[in-house]
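Student: Here are the chains, one letter per residue:
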Amino acid sequence: MQRSKTLVEEICAIPGGEGIRDCIQCGTCSASCPNAGSMDHTPRMLIAMARADMREEVLSSNAMWFCASCYLCTVRCPRSIKPTDLMHALECLAVRQCLTSERTRTPTMYRSFSDFVYSIGSVPEVGFMTWFYLLSNPLRAFKMAPLALSLITHGRMSIKARRLKPEAERQLRAILDKAEVLGGMS
Amino acid sequence: MKYYTYFPGCSSSDGGAKAYGSSALAVAKALDVELVELEDWNCCGSTPYTSVDELASRCTSVRNLALAEKRGLDLVTPCSSCYVILSRTNSYLKEYPELRVKVDEALAAGDLEYHGTVRVRHLLDILVNDVGLDEIASRVKRDLSGLKVAPYYGCQVVRPGPSFDHPESPQSLDRLIESLGAEATPFPLKARCCGGSLIIPEEDVALGLTNKLLDSAVGGGAECIITVCPLCQTNLDVYQGKVNKKFKTHYDIPVLFFTQLVGLAMGMGIKELGIEKGIVSADKVLSRYM
Chain Z
0 MQRSKTLVEE ICAIPGGEGI RDCIQCGTCS ASCPNAGSMD HTPRMLIAMA
50 RADMREEVLS SNAMWFCASC YLCTVRCPRS IKPTDLMHAL ECLAVRQCLT
100 SERTRTPTMY RSFSDFVYSI GSVPEVGFMT WFYLLSNPLR AFKMAPLALS
150 LITHGRMSIK ARRLKPEAER QLRAILDKAE VLGGMS
Chain V
0 MKYYTYFPGC SSSDGGAKAY GSSALAVAKA LDVELVELED WNCCGSTPYT
50 SVDELASRCT SVRNLALAEK RGLDLVTPCS SCYVILSRTN SYLKEYPELR
100 VKVDEALAAG DLEYHGTVRV RHLLDILVND VGLDEIASRV KRDLSGLKVA
150 PYYGCQVVRP GPSFDHPESP QSLDRLIESL GAEATPFPLK ARCCGGSLII
200 PEEDVALGLT NKLLDSAVGG GAECIITVCP LCQTNLDVYQ GKVNKKFKTH
250 YDIPVLFFTQ LVGLAMGMGI KELGIEKGIV SADKVLSRYM
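Protein chains in written order, with numbering that gives the first Met the number 0: chain Z, 0 to 185; chain V, 0 to 289.
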């Protein structure tokens with residue numbers, strides 16, 4: 000991380016982020032977004048703030064964490080900016096710079112999910128959900144009990160995690176460790 | 000016989016959408032489509048991982064593509080989320096040379112290489128465009144006439160594309176339903192978002208979106224919904240009770256995987272297709288066809 004860079008420069012270094020320079024602030028993304036109403040800043044606003052180099056405000060925003068990756072903005076953007084990918088780029092930067100919003104549980108969920116991918120190469124739903132509730136709010140787990148019970152009675156919950164063969168798991172780990180050494184995308 | 004490499008994804012292999020995976024394999028076999036599971040596949044890379052560590056997520060994804068490339072066949076998945084991640088990884092590698100260099104280097108640490116030749120396909124695309132609707136219609140054994148089905152595409156099977164169907168007003172699932180002898184109902188929100196994995200951290204937000212979808216499907220006169228994605232099925236089916244509670248609604252609409260409807264039309268049984276695993280029971284709707 001080089002602090003001398005502007006936020007826009009950092010965003011542009013992440014694949015999918017470079018479109019931010021082409022935005023004409025038309026607001027098509029915000030109007031198309033099904034979750035814009037839950038965001039502290041709309042996608043259009045977030046882009047404007049990033050271009051004004053409002054680093055902390057942008058990276059600590061909850062906006063990108065409400066992106067459900069439905070890609071409606073991406074297919075409608077008249078400048079072909081790919082706002083969905085831009086949101087992912089902002090999420091990555093927020094994680095890297097430890098600025099993730101406290102006003103949404105999504106970063107914790109994403110983290111729990113990613114931990115499983117990194118450690119065993121697949122995402123067993125039971126293990127991942129348990130991990131998420133432990134990391135976020137263990138009490139909420141009780142509220143989920145009826146739903147979990149109905150999944151169990153319908154044969155839709157396996158306790159056992161699918162594991163790759165040991166050599167495959169080692170191979171994936173070697174690849175991911177190398178990726179970490181290569182230091183992300185910027 | 001048509002041959003493909005198969006990527007079930009975590010949910011459809013032994014997660015909550017196990018019935019999607021098993022019905023997909025049963026239907027494929029009956030249609031002379033051979034799906035050979037990619038050996039030792041790992042997570043597709045996933046949207047959550049992309050949002051935490053872009054490079055690691057792409058590398059996770061590419062390991063699958065590199066393994067699939069050795070077989071030289073199209074890589075088929077029934078999961079829209081896996082589909083969007085795997086196919087976008089492919090296009091990213093072409094679009095961003097600096098990403099490609101790093102990915103190649105990471106792959107080499109696992110003694111793998113990837114040349115970018117694998118075509119990633121969604122199972123719906125295979126059935127509609129490779130097998131073909133006429134062929135499927137000719138295999139129909141059970142008369143489903145009068146069954147009103149809402150075709151739910153969701154997002155990632157058609158967006159961001161380029162895809163095999165229109166990004167906002169897709170038709171392939173509608174036509175598939177008709178070719179099975181059932182009726183595709185008008186469903187204005189058929190390609191809108193169910194909230195995806197936000198159902199876990201931001202339940203209220205996702206329930207709001209799911210409520211709109213259920214309202215749109217029921218408003219079009221549907222008796223059941225079919226989906227092409229494990230996550231969409233989960234939100235619409237497993238969380239339907241929570242939607243009813245939160246919005247004081249009375250939805251009671253079963254949500255099937257599209258492969259289950261195809262299997263039914265081809266004469267397969269409810270149990271065989273795992274339809275009883277749906278949280279909202281399909282018994283009442285399907286009993287007149289059994």
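No lab work stands behind these hints, which were simulated from the structure alone. Careful, some of the hints might be misleading.
Derived DMTMM-like pairs (lysine to aspartate or glutamate); straight-line CA-CA distance at most 25 Å [to be verified]: (1) Lys245(V) / Glu271(V); (2) Lys1(V) / Glu97(V); (3) Lys211(V) / Glu166(Z); (4) Lys147(V) / Asp214(V); (5) Lys140(V) / Glu33(V); (6) Lys93(V) / Glu8(Z); (7) Lys164(Z) / Asp13(V); (8) Lys177(Z) / Asp110(V); (9) Lys159(Z) / Asp133(V); (10) Lys270(V) / Asp39(V); (11) Lys93(V) / Asp39(Z); (12) Lys1(V) / Glu36(V).
Student: Now tell me, hint by hint, if it's right for this structure.
Tutor: Here is what the structure says about each hint:
1. Lys245(V) / Glu271(V): Given pair Lys245(V), Glu271(V) is violated - Cα atoms ~34 Å apart, limit 25 Å.
2. Lys1(V) / Glu97(V): Outside the cut-off at roughly 36 Å; violated.
3. Lys211(V) / Glu166(Z): violated (46 Å)
4. Lys147(V) / Asp214(V): Judged against 25 Å, a Cα distance of about 15 Å means the pair holds.
5. Lys140(V) / Glu33(V): holds (21 Å)
6. Lys93(V) / Glu8(Z): Holds, because 22 Å separates the two Cα atoms, which is no more than 25 Å.
7. Lys164(Z) / Asp13(V): holds (16 Å)
8. Lys177(Z) / Asp110(V): holds (12 Å)
9. Lys159(Z) / Asp133(V): violated (41 Å)
10. Lys270(V) / Asp39(V): violated (29 Å)
11. Lys93(V) / Asp39(Z): Answer violated: Lys93(V) to Asp39(Z) is near 35 Å, above 25 Å.
12. Lys1(V) / Glu36(V): holds (14 Å)
Violated hints, in rising order: 1, 2, 3, 9, 10, 11; the structure is consistent with all others.
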